[in-house]
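J.: Sequence:
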Amino acid sequence: MKFPLTPELVDEARRFSLRSSCGHCFYWDARRQQCWHGWPDQGQRRDPLDAPDPVTGETPTEVAFCKEFELR
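Sequential numbering of the sequence shown, starting at 69, is according to my numbering.
Keep in mind that the hints were calculated from the coordinates and are not lab data. Watch out, some of these pointers could steer you wrong.
With a Cα cut of at most 25 Å, we get these calculated SDA-like pairs of lysine to any residue [stated by the list, open to error]:
#, residue 1, residue 2
1, Lys135, Asp115
2, Lys135, Cys103
3, Lys70, Gly111
4, Lys70, Ser89
5, Lys70, Pro128
Across the chosen pairs, the derived CB separations fall in these ranges [stated by the list, open to error]:
#, residue 1, residue 2, range
6, Trp104, Pro75, 31 to 39 Å
7, Glu136, Pro116, 28 to 36 Å
8, Glu136, Thr74, 32 to 40 Å
9, Val123, Tyr95, 32 to 40 Å
Every residue gets a Cβ at the ideal spot worked out from N, C-alpha and C, and that includes glycine.
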């Protein structure tokens with residue numbers, strides 16, 4: 069599920085310690101660096117939400133949340 073990455077969302081994510089990246093998910097296999105369910109990375113691995121893209125260096129304009137995320 070994708071949402072616009074607004075300053076308000078970034079602020080609330082920091083204030084409330086939002087955990088939504090793959091590294092915080094029960095289904096993330098850190099050893100293999102992939103999801104147990106085989107879901108592709110569409111920006112969900114980014115932490116914090118407004119971190120620059122590791123390839124392009126660009127600041128993201130939207131954020132993707134995984135529907136199967138389960139906090140460890």
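J.: The structure should be examined with respect to each hint, and the outcome stated for every one.
T.: Hint check results:
1. Lys135 <-> Asp115: With Cα atoms ~17 Å apart, Lys135 and Asp115 stay inside 25 Å; holds.
2. Lys135 <-> Cys103: 13 Å, holds
3. Lys70 <-> Gly111: Cα-Cα ~10 Å, so holds.
4. Lys70 <-> Ser89: 13 Å, holds
5. Lys70 <-> Pro128: Roughly 12 Å between the alpha carbons, so the hint for Lys70 and Pro128 holds.
6. Trp104 <-> Pro75: 31 to 39 Å: 34 Å, holds
7. Glu136 <-> Pro116: 28 to 36 Å: Given a distance of about 21 Å, which is not inside 28 to 36 Å, the answer is violated.
8. Glu136 <-> Thr74: 32 to 40 Å: 24 Å, violated
9. Val123 <-> Tyr95: 32 to 40 Å: Given about 24 Å between the Cβ atoms, the range is violated.
The structure fails hints 7, 8 and 9 (numbered hints given earlier, in ascending order).
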